[in-house]
Amino acid sequence: RLVVDYKPLNHFLKDDKFPLPKTSTLPILLKESKVFSKFDLKSRFWQLGVDPSERHKTAFCIPNAQYQWTVLPFGLKVAPSLFQKAITKILEPLLDNAIIYIDDILLFSKDME
Numbered sequence: 001r002l003v004v005d006y007k008p009l010n011h012f013l014k015d016d017k018f019p020l021p022k023t024s025t026l027p028i029l030l031k032e033s034k035v036f037s038k039f040d041l042k043s044r045f046w047q048l049g050v051d052p053s054e055r056h057k058t059a060f061c062i063p064n065a066q067y068q069w070t071v072l073p074f075g076l077k078v079a080p081s082l083f084q085k086a087i088t089k090i091l092e093p094l095l096d097n098a099i100i101y102i103d104d105i106l107l108f109s110k111d112m113e
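If you read the sequence shown in the UniProt record's numbering, its first letter stands for residue 1, the second for the next number, and so on.
Incorrect hints may have been included.
To be verified - No farther apart than 27 Å at their CA atoms in a straight line, the calculated lysine-lysine pairs in the DSSO-like style are these:
1) K77 <-> K7
2) K17 <-> K85
3) K57 <-> K89
4) K42 <-> K57
5) K14 <-> K57
6) K17 <-> K38
7) K85 <-> K7
8) K14 <-> K89
What the hints assert, rightly or not - Restraint-style ranges between C-beta atoms, simulated for each label pair:
9) L9 <-> L29: 22 to 30 Å
10) D40 <-> Q66: 28 to 36 Å
11) P52 <-> L20: 26 to 34 Å
12) F12 <-> E113: 47 to 55 Å
13) H56 <-> E113: 49 to 57 Å
14) R55 <-> N97: 33 to 41 Å
Hints are computed from structural coordinates only; laboratory data are not their basis. Computed from a predicted model, the values in this text were never measured in an experiment. Built from N, CA and C at the ideal position, the CB exists for glycine as well.
Required output: the full structure, derived from the provided sequences and hints.
Here it is in structure tokens:
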């Protein structure tokens, strides 16, 4: 995978904090559960687009070419938080029976119903 050093850009980005689940609550949440499904999302950040007006900020050069990302690149300090926020919103109807940790999702239930 392509890696770009975004330290200079990260210096100017505002922190975007979104809470991750607390591992201390897992035993309580899972205590009576018997059925589990685990998902690991592939290329997680590439599932989120970058606003067209902001893409120029992700530009990078290689010999004879310049590119900019249309999807969220690895290396931006806000990427994990933005992804956690987006996937939490998407899966909001399931949150009573789900634990979401960035790209790892655990669905749980007391039974098959």
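Okay, the hints, checked on the actual structure:
Distance hint between K77 and K7 is fulfilled; the C-alpha atoms sit about 9 Å from each other, no more than 27 Å. This hinted pair checks out: K17 and K85 have alpha carbons roughly 9 Å apart, not beyond 27 Å. Pair hint K57 plus K89 holds up; C-alpha atoms about 26 Å apart against a cutoff of 27 Å. With a C-alpha separation of about 24 Å, the suggested pair K42 and K57 falls inside the 27 Å cut-off, and the hint holds.
For a cut-off of 27 Å, the pair hint linking K14 to K57 stands: about 14 Å separates their Cα positions. For the proposed pair K17 and K38, the alpha carbon gap of about 25 Å is at most 27 Å, so the pair holds. Restraint check: the Cα-Cα separation between K85 and K7 comes to about 22 Å, which is no more than 27 Å; the hinted pair holds. Proximity of K14 to K89 is assessed by CA-CA distance (about 21 Å); at most 27 Å being required, the pair is judged to hold.
For the hinted restraint 22 to 30 Å between L9 and L29, the CB-CB distance of approximately 37 Å leaves it violated. Separated by about 33 Å at the C-beta atoms, D40 and Q66 satisfy the suggested range of 28 to 36 Å. For P52 and L20, the hinted distance range of 26 to 34 Å is satisfied, since their beta carbons lie about 29 Å from each other. Remark: the range hint 47 to 55 Å for F12 to E113 is upheld by a beta-carbon distance near 50 Å.
Between H56 and E113 the C-beta distance comes to about 50 Å, which sits within the given range of 49 to 57 Å. At roughly 37 Å, the beta carbons of R55 and N97 sit within the given window of 33 to 41 Å.
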